[in-house]
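Position chain B against the provided structure of chain A, taking the given hints into account.
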Amino acid sequence: MILASFVRVLLLCTLALCACDPFHVEFDKIEPAERYQAGELSAAPAAPTQLKVMTWNVKFGGGRIDFFFDCFGDRVLMSKAEVVANLEAIAAKIRQVDPDLVFLQEVDINSKRGAFVNQLQWLLDHTDLNHGAYGSQWRADFVPSDGLGAMDDGNAILSRWPLRDATRLALPLRSDQDALTRYFYLRRNILRAHLELAEREIALVATHTDAYGDDGTKLRHIEAFEAELDALRDDGALVIGGGDLNTLPPGSDKQHDFPDAVCTDEDFIADDYRAEAEWLAGLYGSYAPAVALEDYQADNAAHFTHTVDGRGFWNRKLDYLFTSGQWQPDSALTHQDQARGGMETMPLSDHAPLSAVLELP
Amino acid sequence: MSRLFAALLCLWAIFCGRALAEPLVVSSDSTRTLPEGRIETGVFQPVRYGLHDGLELSSHILMLVNPQLQAKWRFFERGRYSSAAVGRLSYPKPLLDLLAGEGALGLLPEDSRVPQVLVLDMDALATAEWMPEQLLTLSAGISVAPRGSAEGMPLLDFPFLYARFAVLKTTAVYRAGLGYEAMLGARFRLAADVKLFFLPVVDGGFSLEPGLSLRWLLAEHVALEAGARFEYARYPPGMQFHYLPFIDALFAW
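Protein chains in written order, with the numbering used here: chain A, 1 to 361; chain B, 1 to 253.
Only chain B is shown next, with the shape it has when bound in the complex:
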């Protein structure tokens, strides 16, 4: 059923979608925001909406179990340089309660007692278009998690998820990143980035995440993306290395 839905969505986007003033962007790692009225999403991507030029809202289908809202605000632009701020508020308790349920992937123990908690992520981005259609982006951010109590908070130490949920076990998680995006001809976009998370929940804890992806612009409204992310990290058990190949389909309206 999900395959049929994806195929129909793809066909609809190719043949019925209205022509876009700009080609597909789907760029979440730079300061670029979607044009006003534009919606972009992917099978594994959040839904992004250009509220107006310079302000982009996004959320994820996981919102059903992990209520969340993100805003990216491009507040500075001069020549080839621009800056943006990203804020994201989420309420992960329903998701964690779900993961602690019987048969839910075995990620958390069934006896987990998840307290009430909010997670606030804030990032500052600075992008330079150092050559035509080649973007270089620096970022720095912090996550905090105001909560009633840390008592019973489960440790979700699954690869790649750990850096994103570690804030639930500590006061703050800091991160920095460097990203590069470039158009290769008219139809391909290459993206490479590296993120570094500082995880004070572990002594000397960190997660270094390089990623590489190639996006193929199939049509004005549809793209395919494939790539891999890697993780070299100090988790509570010690040093670990993981990788995650992925493939995704992206759509725009």
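Just chain A, with the same shape it has in the complex:
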């Protein structure tokens, strides 16, 4: 009798405990984004007639350190000095471009690999951007893989002006992983925020889609991103969307066998985009891309934004800006190096920044 009661209580306690989220990795489907503000606010024009928009995957302030997942090295963690040195270079680039809005991907705000530096707050404090919103895509008290430990990494929107209704929208999880891997794996999202400028409603939508899935997750993410843009545009907002979509534009000359693909671990191989040739056709058809498709198709290399090999050069385009409005003609720039952007960006991240100027009606 006593034993039966004991076992029953024990089972109930165990079930109750196991039903929880012991490493705090999960998110609601829709939840408020985290809000940030610079320590000291910079002056922002009250009625701008144009907006300079930038998107950049900053690789958690890792610069060109050879991390294990790039398959060029074995590094896992950075020292605080390394992180701050890389952030100083990233902030210098942002100051040089002097954007009004920035979409950032892979910003660590509280990760062991990033020496627990809050990179979003650091960048706000070292640029003229004043306000930020953050949506985590990978959060865990401890990631028991390769010594990663505590993790909080995600998408961010930085702005000169206050952001309103910043929201994190969950994207579908990969379905091709075992339950344990999926529990600790990335939880991609769309980060949405609103900006009110001169009585004009501007909707900002940032994302970073799946990179390595083999189950169509990336396509579902792109479709969700496009659907979010559609919904906001149909509501009457001027929409700006961007981020790292992890796929190539339609009509790319080279679609597989990239020279920097040295990984043999299937978890980190993203080297064949042939099945994705038309995945961005909808976005290109419905919205104005910062880099027009005909410009890209005329010269792919001038618009490449990514390579994992820091000793090589950009060899594919993964990063995008779209709008329901109009970009200023010839304002788009892929900041590849000193000649195209005024500063070397290869050492700063495994992605190059992309910027363009939006005309405000």
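For the record, the hints were derived by calculation from the structure and aren't laboratory data.
None of the values given here were measured: they were computed from a predicted structure.
A portion of the hints provided could be inaccurate.
Claimed, not checked - Within a straight-line C-alpha distance of at most 30 Å, the following computed DSSO-like cross-link-like pairs (lysine-lysine) qualify:
| hint | chain 1 | residue 1 | chain 2 | residue 2 |
| --- | --- | --- | --- | --- |
| 1 | B | K195 | B | K93 |
| 2 | B | K93 | B | K169 |
| 3 | A | K80 | B | K93 |
| 4 | A | K80 | B | K169 |
| 5 | B | K169 | B | K195 |
Same frame as chain A, now just chain B:
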């Protein structure tokens, strides 16, 4: 294989173990020590040995990769009150090197370079038997880790382990505790405790660990224990809460 071994050990302990002069104790949180010649252990517990009344030695199966020895010395006893000192010396480098290996749970990066280090834990315990078979124990302790260099020392910030390995990244870790143990009838023992670790490796760092367990004395030589530990702590990333349900089998000779 491990299940078969555990079952055989359990059967052996029930049917073949010699009769004990006292019932199973397995009490590591009070000042009580094992009687002379007595050995007690558990699947997840250290092996304890009563060297003589008042002095207990213990080590863990992890000794193979984490050489260690602990001694508990009960140096004062008057009426319902007693005091003891606990000292423990360990050499965690082999364990940390193992954890940094490829495929070893992913707790530490493969590029970790663990320097030579010794860890010395010292605790003072004071126990009062405030009612028959009900023990209340206060404890206070410190851990220090003499080492060649802190350069490359990995931070093992896994829940519950962090408070125990934080000393590798700082000069000292302090702790205090309060424990309660009571017999519920002849066959059940309830234990509740709370430990507080002060972790100077983080600004304002601490770990508050309450625990609760129930032990069922199956026979003179065998007990089952189940319970949970909780942790509310300020780790390097910030405040965290964790829990760890556990179940264990305890044996005595």
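Against the structure, the hints come out as follows:
| no. | hint | result |
| --- | --- | --- |
| 1 | K195/B with K93/B | holds, 26 Å |
| 2 | K93/B with K169/B | holds, 13 Å |
| 3 | K80/A with K93/B | holds, 24 Å |
| 4 | K80/A with K169/B | holds, 15 Å |
| 5 | K169/B with K195/B | holds, 20 Å |
Checked against the numbered hints given earlier, this structure breaks none of them.
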